[in-house]
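Colleague: Sequence:
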Amino acid sequence: MNSPDFLERLRSRIQRDGLLTPGAKVIVGVSGGADSTALLHALHQVSRDENTGYRLHVAHLNHQLRGAESDDDAAFVSALADSLQLPCTIETCDLRAESESQRSSLEDIARRARLRFFDDMCKSTGANHVALAHHADDQVETVLHRFMRGTGVRGLSGMSAKRPLSKSSRIQIIRPLLEFSRQEILEFIESAGLSYRHDSSNTSRDHTRNRIRHDLLPQLEASFNPQVREAILRLAQQSRWTNEYLRDTSQSELKRAILEQTPSSVALDRKHVARLPMIIQTGVLRLAFESIGMRERRLTFRHVADLAEAVASPDARNRFSLPDGVDVRFDRNRITLSRGAKNSKDTRTAVQSESIS
Numbered sequence: 052m053n054s055p056d057f058l059e060r061l062r063s064r065i066q067r068d069g070l071l072t073p074g075a076k077v078i079v080g081v082s083g084g085a086d087s088t089a090l091l092h093a094l095h096q097v098s099r100d101e102n103t104g105y106r107l108h109v110a111h112l113n114h115q116l117r118g119a120e121s122d123d124d125a126a127f128v129s130a131l132a133d134s135l136q137l138p139c140t141i142e143t144c145d146l147r148a149e150s151e152s153q154r155s156s157l158e159d160i161a162r163r164a165r166l167r168f169f170d171d172m173c174k175s176t177g178a179n180h181v182a183l184a185h186h187a188d189d190q191v192e193t194v195l196h197r198f199m200r201g202t203g204v205r206g207l208s209g210m211s212a213k214r215p216l217s218k219s220s221r222i223q224i225i226r227p228l229l230e231f232s233r234q235e236i237l238e239f240i241e242s243a244g245l246s247y248r249h250d251s252s253n254t255s256r257d258h259t260r261n262r263i264r265h266d267l268l269p270q271l272e273a274s275f276n277p278q279v280r281e282a283i284l285r286l287a288q289q290s291r292w293t294n295e296y297l298r299d300t301s302q303s304e305l306k307r308a309i310l311e312q313t314p315s316s317v318a319l320d321r322k323h324v325a326r327l328p329m330i331i332q333t334g335v336l337r338l339a340f341e342s343i344g345m346r347e348r349r350l351t352f353r354h355v356a357d358l359a360e361a362v363a364s365p366d367a368r369n370r371f372s373l374p375d376g377v378d379v380r381f382d383r384n385r386i387t388l389s390r391g392a393k394n395s396k397d398t399r400t401a402v403q404s405e406s407i408s
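Numbering of the sequence shown is given in our numbering, commencing with residue 52 and proceeding in unit increments.
There may be inaccurate statements among the hints.
What the hints assert, rightly or not - Derived Cβ-Cβ restraints for the label pairs, each shown as a range: (1) ARG380 with ARG307: 19 to 29 Å; (2) GLU142 with ARG106: 17 to 27 Å; (3) HIS265 with ALA243: 18 to 28 Å; (4) GLU360 with ASN253: 42 to 52 Å.
If you are wondering where the hints come from, they were derived from the structure by calculation, not from laboratory data.
What you are looking at is a predicted structure, and each value in this text was computed from that prediction instead of being measured.
Each residue gets a CB set at the ideal place from its N, CA and C atoms; glycine is no exception.
Produce the entire structure from the sequences given, and follow the hints as far as they go.
Modeller: Encoded structure:
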């Protein structure tokens with residue numbers, strides 16, 4: 052894809068999906084790789100349009116995971132920003148040390164570090180948008196990865212083109228390249244005569260995402276369906292439509308079901324919840340947990356399945372202890388969710404119930 056066609060498609064996508072408004076201040080996450088380099092150059096070109104005027108600020112977080120190679124990436128990004136006469140912020144963090152001290156995976160620590168970095172960048176610059184370079188092939192890998200780990204309709208939706216940095220944040224993460232394939236991005240890079248950095252860790256089979264990219268997807272294309280990527284992208288789109296409908300319906304039913312509510316507790320009409328279709332019933336419960344501050348990642352399918360089973364037993368009176376200090380009590384006519392319990396169970400175990408006299 053040549054530069055003019057690529058840029059015109061990008062303009063159309065930004066306008067169609069309402070990703071940016073004229074004059075928007077945008078933090079552009081740039082690793083130095085092909086995708087983020089293409090995104091930065093393309094946004095820089097589009098920002099020159101008379102009716103856009105986007106104000107770009109380059110951001111790079113050096114994870115220090117690849118030694119001198121990581122430092123060279125940072126230097127490349129700094130030089131790239133200078134060549135485009137754009138402001139640039141580069142920060143360094145020691146992910147390995149943080150991972151060991153918190154006993155968390157490098158992947159999880161890296162994700163949280165990036166979110167903190169982008170949040171700080173937006174606060175210091177007054178930006179309301181963070182542009183990331185995820186593309187259609189990343190979307191395919193994301194959906195497959197989630198499917199293999201176990202997920203529902205929302206997980207099969209893949210990444211959103213636009214979403215809040217956090218639930219209550221005014222900052223929006225945008226993905227302008229989400230409908231572009233990796234091949235189209237490389238063609239744009241070549242057409243524009245751009246250079247970029249190569250991340251050696253992308254070839255390692257130690258990471259699940261890399262095995263999906265280099266082994267699983269080529270095997271699926273060769274042995275099962277040459278258009279498997281397009282099929283997965285269609286599945287993701289249909290899942291997004293389904294998820295939007297289910298969430299809207301669940302929100303409406305939650306409003307009808309609420310009997311009492313405080314910042315740390317919510318009481319629901321048990322009979323109303325029990326009458327709902329199971330898919331909406333579980334959606335109502337998930338939203339109710341969100342309303343009292345329970346982190347979505349801490350609520351497993353098994354938790355929701357056990358709770359739904361209790362809802363369907365009107366004569367039972369059960370109490371459940373969940374992660375994040377959440378306590379759920381089932382009485383004859385109400386379900387009470389409260390946050391602040393001290394003896395919550397680990398997320399890896401199913402919810403345990405006990406009879407209450």
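Colleague: The structure should be examined with respect to each hint, and the outcome stated for every one.
Modeller: The hints, checked one at a time:
no.	hint	verdict
1	ARG380 with ARG307: 19 to 29 Å	holds, 20 Å
2	GLU142 with ARG106: 17 to 27 Å	holds, 20 Å
3	HIS265 with ALA243: 18 to 28 Å	holds, 27 Å
4	GLU360 with ASN253: 42 to 52 Å	holds, 44 Å
Checked against the numbered hints given earlier, this structure breaks none of them.
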